[in-house]
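Please model the entire structure based on the sequences and the hints provided.
There are 2 protein chains.
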Amino acid sequence: MEPREISQAVIGRLPRYLRYLGDLKDEGIERISSQELSKLMKVTASQIRQDFNNFGGFGQQGYGYNVEHLYEEISNILGLDQKHQLIIIGAGNLGQALANYMNFERRGFIIKGLFDNNPALHGKTIRGISVQPMDQMEEFMKTNNIDIAVLTIPKTSAVEIAEKLVQYGIKAILNFAHVDLNVPAGIQVENVHLSDSLMKLSYNLSCYNKEQ
Amino acid sequence: MEPREISQAVIGRLPRYLRYLGDLKDEGIERISSQELSKLMKVTASQIRQDFNNFGGFGQQGYGYNVEHLYEEISNILGLDQKHQLIIIGAGNLGQALANYMNFERRGFIIKGLFDNNPALHGKTIRGISVQPMDQMEEFMKTNNIDIAVLTIPKTSAVEIAEKLVQYGIKAILNFAHVDLNVPAGIQVENVHLSDSLMKLSYNLSCYNKEQ
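Those protein sequences? They're chains A and B, same order as listed. My numbering puts the first sequence at residues 1 to 212. My numbering puts the second sequence at residues 1 to 212.
A portion of the hints provided could be inaccurate.
One copy or any two copies: either way a pair holds, since identical chains are not told apart in the list.
Distance condition first, Cα-Cα at most 35 Å in a straight line; then the derived DSBU-like pairs of lysine-lysine [to be verified]:
no.: 1; residue 1: Lys112; residue 2: Lys25
no.: 2; residue 1: Lys42; residue 2: Lys25
no.: 3; residue 1: Lys124; residue 2: Lys39
no.: 4; residue 1: Lys112; residue 2: Lys39
no.: 5; residue 1: Lys155; residue 2: Lys171
no.: 6; residue 1: Lys42; residue 2: Lys112
no.: 7; residue 1: Lys42; residue 2: Lys164
no.: 8; residue 1: Lys142; residue 2: Lys25
no.: 9; residue 1: Lys164; residue 2: Lys25
no.: 10; residue 1: Lys42; residue 2: Lys124
no.: 11; residue 1: Lys25; residue 2: Lys124
no.: 12; residue 1: Lys112; residue 2: Lys155
These are computed hints drawn from the structure, not numbers from a lab.
What follows is the structure in structure tokens.
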């Protein structure tokens, strides 16, 4: 398929489709209509058809979608047919939690290295991956063909480390640091700001309370 | 201020405004124009003014915004003038990482309890908070006035636990389990699906590569 401009909103919805299709596949279901999928996922059937039309529609609507085929197609669109090599910068609690998180590997995101400034952590291993000093990052990235870095370091050092990662050839950053990174065009960044999610809950809680 | 219908997209942007205003406050900056804020945050000044107009505009544009005042206003809108009592369900790596995450407390989100099914974890303490068996959750929620639960348990048990939490009177759930929760209207849910963020990166990486 030729690359074309797909909105990030549509892309953002693809992982959820993939999750539901994976569950259907595991349950042995072979075909599903957009109406059934709509009921299951609580989005309109027209939204589903519009989303899928961005990628050519994925087959005849009259017969419903072939679950396995659709799963494979969306998986390929998301680039999950290729493996990605990751490093995690920051081997504190969150970094260690992510290193232990098996779901990443199942999707082809292979954690190859862990880096931290804290000498007390050097040599510690998590799932066989040993924590290394930061100054070995450049060499490690080159020999291990690393394309994604996960940042779980404080905001004070995140901007500087991101600049180094770019210099060393990183292509994408999953950023947990509570700061916006300043990277050149072409470098992909996804932010996960955990406090922001709590604040949204807090807003909606206080609105809900006011209406009581 | 009377509650009115504000889009979740606007609400979702408020924590980022708050973060930048907090940094400006820390730097001792007293006033900022929407143009300066626009440059700093890399969003248009018109977007900023539109967002703020949802809440009455926050003061005279000619003189710029009073940083401290704006910080307080947004903080109050987000309900951060009230404290929230949290429990974390699942004291595995991620649950422990979140229990150790000090940023939550700074924003008024107080972690009161940790719960896990695994007897090996019972009695273990993280920042003074001890891990308790799941069957003590109901009693604990009542005596500690818990309004938010953070779910860091596998998807297989998340749906069932969420139902129990609702039954015990929870008002909001921050869900890290890789499944959609089915809760009644009025219960707030925010999902943090970490694999989804990696998949978005993967998509954008593969698109970028195709264009080379």
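Here is what the structure says about each hint:
1. In this homomeric assembly, Lys112 and Lys25 come within 35 Å of each other (Cα to Cα) only inside a single copy, at 30 Å, whereas the closest approach across copies is 40 Å.
2. In this assembly of identical chains, the alpha carbons of Lys42 and Lys25 lie at most 35 Å apart only when taken from the same copy (19 Å versus 42 Å across copies).
3. In this homomeric assembly, Lys124 and Lys39 never come within 35 Å of each other (Cα to Cα): the closest approach is 47 Å inside a single copy and 43 Å across copies.
4. Proximity of Lys112 and Lys39 under a CA criterion of 35 Å is satisfied in neither setting, with 40 Å inside one chain copy and 37 Å between copies.
5. Both within a single protomer and between protomers do Lys155 and Lys171 lie at most 35 Å apart by alpha-carbon distance, with minima of 20 Å and 31 Å respectively.
6. Taking the closest pair of Cα atoms, Lys42 and Lys112 come within 35 Å of each other only across two copies (33 Å); inside a single copy the shortest separation is 37 Å, beyond that limit.
7. Proximity of Lys42 and Lys164 under a CA criterion of 35 Å is satisfied inter-copy only: 22 Å between copies versus 43 Å inside one chain copy.
8. When the C-alpha separation of Lys142 and Lys25 is checked against a cutoff of 35 Å, the pair qualifies neither within a copy, at 38 Å, nor between copies, at 41 Å.
9. Proximity of Lys164 to Lys25 under the C-alpha cut-off of 35 Å is restricted to the inter-copy arrangement: shortest distance 28 Å between copies versus 42 Å within a copy.
10. In this assembly of identical chains, the alpha carbons of Lys42 and Lys124 never lie at most 35 Å apart, being 45 Å within a copy and 40 Å across copies at closest.
11. When the C-alpha separation of Lys25 and Lys124 is checked against a cutoff of 35 Å, the pair qualifies neither within a copy, at 39 Å, nor between copies, at 39 Å.
12. Proximity of Lys112 and Lys155 under a CA criterion of 35 Å is satisfied in both settings, with 23 Å inside one chain copy and 26 Å between copies.
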